[in-house]
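Chains as they are written, first to last, in my numbering: chain A, 1042 to 1406; chain B, 1004 to 1481; chain C, 198 to 324.
The set of hints was computed from the structure by calculation and includes no laboratory data. Do not rely on the hints blindly, as some may be mistaken.
[Unchecked claim] Quick look at which bits of chain A chain B covers, simulated, 3 or more residues with Cβ under 8 Å:
(1) 1066 to 1079
(2) 1254 to 1263
(3) 1294 to 1303
(4) 1378 to 1385
Keep in mind that this is a model prediction, so the values were computed, not measured. Ideal Cβ placement from N, Cα and C applies to all residues, glycine included.
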Amino acid sequence: MLDHNMMLLHLTMGNLPFYISDLPVVLEINLVMTMVFVVLTILLLSLILYLRVHKNSQNHRRKKLNLFIIDFINNYLFNEDFDKEKETRNFKNRHLRTSLDKQIAIDQILVFAENLKGESSASLKEVFYGFGLKEFLLTKLTSKAWYKQAKALNVAYQLNLEIPMTLVDSLFNTNYKKLRQQAFLYYLHMSTENPLGFLDKVEIPLTLWEQIYIENGLKSYDGETPDFSKWLHHDISSVVIFCMKMIADYNQFEHIPILLRFLHHQNPELRQQAIISLRKMEEPELLPILIHNFNEETLLIKHEILKTIGKIGSEKHLKSIGKFMVTEEPSLEVEFKKVALQKNLEASHFLGANFNTIKYDNLPY
Amino acid sequence: MNFNFFEFIDIASFIFLTYGLIIISGYIFLALYSLFELRDYKRKNNFKDEVALLQSSHLPKISVLAPAYNEEANVIENVRSLLTLDYPSFEIVIINDGSSDNTLDSLIKTFDLYQDDVLYHSPIATKNVRAVYSSRQKAYKNLKVVDKENGGKADALNSGINCCSHEIICCIDVDCILERDALLKLVKPFLNNNKKVIASGGIIRVANSCIIEDGRIIKVRLPDSFIDRAQLLEYFRAFLMGRMAWSRIDGLLLISGAFGMFDKKTVIESGGYNPATVGEDMELLVRMRRLMRDKKIPYTVSFVPDPLCWTEVPKSWKVLHRQRNRWTRGTIETLSLHKKLLFNPKYGVLGMLSTPYWMFFEWFAPIIEFFGIIFLLLMFIFGQINIQVFLVFFGVVYTFSVLFSITALFFEEYSFQQYKKPKYMLLLLRTALLEPLLYHPFVMWAAVKGNVDLLLGKTSWGKMTRTGLSNPSKPNID
Amino acid sequence: MKKKILVIEDNPMVVKSLEFKLTKEGYEVTTAIDGRSAMEELETNSFDLILTDLMLPFVSGSQLIEHIKKNYPTIPIIVLSTATQEDIITDAFNMGVDDFISKPFSPNELTLRVKRSLGASKKNIHS
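Isolated chain A (complex conformation) (with noise of 0.2 Å):
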């Protein structure tokens, strides 16, 4: 098409000089062109009338099988008299053919394991299966579709079901973050006494976000807390990092000493960590070991290290740290100051002789 146009346009470069009252190729190429603009129009109005009638009758598909569902439910699980095999096979033959109602029907049954626990736990499962949704979620969970495959994965853990462990361990390194994702929570839902396994297969960064769903996963994990210290000495630093701060979170005390040496690790990432840990352990051998190294340490880690004495130290690791202090760092100097007023102390008292106290006041330069 736009080839077609720099024909035309060379054409037109052809026929010069030209008087435009007689400009019959720009003139053509411009009729062209408002009729394909038209067409293009009236074809993406069709597809928006098209995409609305799609959906209306979808949510109208919806609406009404979801209300057979439910009630079918409700007669499984709380109806004596109702012949589950029977009707599960009915139920299923005349509602459940294309694959829109059984996504409806999966949907509907996750709503019902989301809000009921119990007896009827297995009861939903027995539905589940009784539909035949298991076959359908199979073939989404070893499709190409990553968006599939995650959707599996997602029902697959909500609803208790074994799947085949090695489909779901190729997807702990995958690229395509939402599908990593749910085979983490996938694993974390369905172990038993393993909830962080996966983690020893882990071979790419976690990002921040999968660890604050690996830690909401954990939150309902029944089973017996796992040792975090196992990965203390993974190669991935975020691992590392994850570790660490689930051994303050749930107070794994007895893992304080690893911590202590990852005061001096050379990375200054997990010494951050250990520090910020370690203070809300509220660990009394932190303080010296971060003083001694106050000098050596990144203008981010003396930040924390200030911080740390605000909330666990005295008076006397301000002093220490004061003469450290440089004129250059006006932000420190800010946070000391903090940390001062918060003890009641006058600053001034503890920084070095030679400390020029710059302006950290608002007035304009």
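Assemble chains B and C onto chain A, guided by the hints.
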């Protein structure tokens, strides 16, 4: 003289064709890339599992910065609504930019504020800050009010950046309406990316005629008046078609001042908002990108298409004219300040695509259009074209504008479908048909006027004596 | 005579299940999908028990509970909600609700608690 005139016509026709081709390729690029980006976004976000994350204590804390200038009528309600956002840990910083009304007093009274002599470091120079206030009441403990001398929106935001506590900042217009989960949605790109994210922006929706209760959109309605609807259509084109596509190739140059999230360290390192331009939102992002590129740090800018932020667009032609005039000046100022980027391969997409696109489509397009119309008129006067020829030229431009709008409508239908009533669709279609005739010439004129004003230097944008802060969102295409 | 229960809940699945289960157990069940229609029901009919969610459209659960406690103080209230935060549960009890069942819930346990609340309220009235 005649000879010269015809040569001129030849050149003009050639320019017309070339320009037409560039615009059509631009259209194809925007349409295709937006389609892919929206499709991917939908696929990634049809899981309803994110609400649970709001319980996490490891989500980064966010400072929401909202400048207020003579907002006494609405500021209380706006702050109340902001305080009910759904996010585990955030603070609201309202910056009273030297209002001459009772904005500050009513804030102090309503929220039981006291002068809090908090220490903070001010890495960015700003006009004098008179005081920082906090609330005595626990319910408002995450509210902070900064009272400062008038310095304009950019200056107000800068002082907010100086004294806010958290590392991720969200800059908003105080009068915009945010969805409850807006912060979580906008912060997600920062957390779920292998590259460093320096900013993320959201889509701006038109709130005119919507039913609003307690600072929430209760019901989405299509605006009643033509001028509002024409802007709505423009926003669809700009956000659903424009920014989606640019975001896919990481070439976004603008995150709306009405709703954007930034990495505070990078903002400070770039020097904060520039108070000397009227296009401070665009200028900041361009400067931040430049800094990252110069330092050779891999980074990205993200865009979230969910309808998260609703704002009232100008209802009168006069205000609209003023707004578009300002946007034009902002664009030109930004492009001139960063002309080093233009066609500079060192800056990649930014230098070779984004900035040239802005120059041709945002800056030059209205001017070329304007002269095109003058040209056609001249031809008429000199008797060089008849009415048929005129109609043919007009037809191609008109049908293209309609096609563009309808494509944007298609994206709306495909993505979020906020206007569900069939009546709305028909009204939007009518708007799309009338807009090129009744609305577009007006904004084109406002843009041309912006150019003229900047050339003559007769506006006082340097001093920024503004009447209000509402400076919503700038769509980046026309 | 059958005991009358008003169920206020906006999730259609939960409403239907509760209606089904409680009807099977021999109660007369009326449903309302939001706070507003619940208030209308309360004006026209009398109930022996109210089962309500906290997250409701138009009138929030807590506003509704306040309204009920003020105007119909003898009707026992059971809250059925997803809230896991302790302060929300404490707030509910402070407002005078009789029981709190968190979602996901076990239908059998729910019927037991309904029975218990109805029994307890009878005792209250007699004493």
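- Item | Residues of the stretch 1254 to 1263 of chain A with Cβ under 8 Å from chain B, three needed, outcome | holds (count 4)
- Task: Tell me if chain B covers the stretch 1066 to 1079 of chain A under the three-residue, 8 Å CB rule, please?
- Result: That given contact holds, which follows from 9 residues of the stretch 1066 to 1079 of chain A lying within Cβ reach (below 8 Å) of chain B.
- Whether chain B covers the stretch 1294 to 1303 of chain A (at least 3 residues having a Cβ closer than 8 Å to its Cβ atoms): violated (count 0)
- Query: With a cut-off of 8 Å between beta carbons, are at least three residues of the stretch 1378 to 1385 of chain A near chain B?
  - Reply: It holds, with 3 qualifying residues against the three required.
This entry does not satisfy hint 3, going by the numbered hints stated previously; all others are met.
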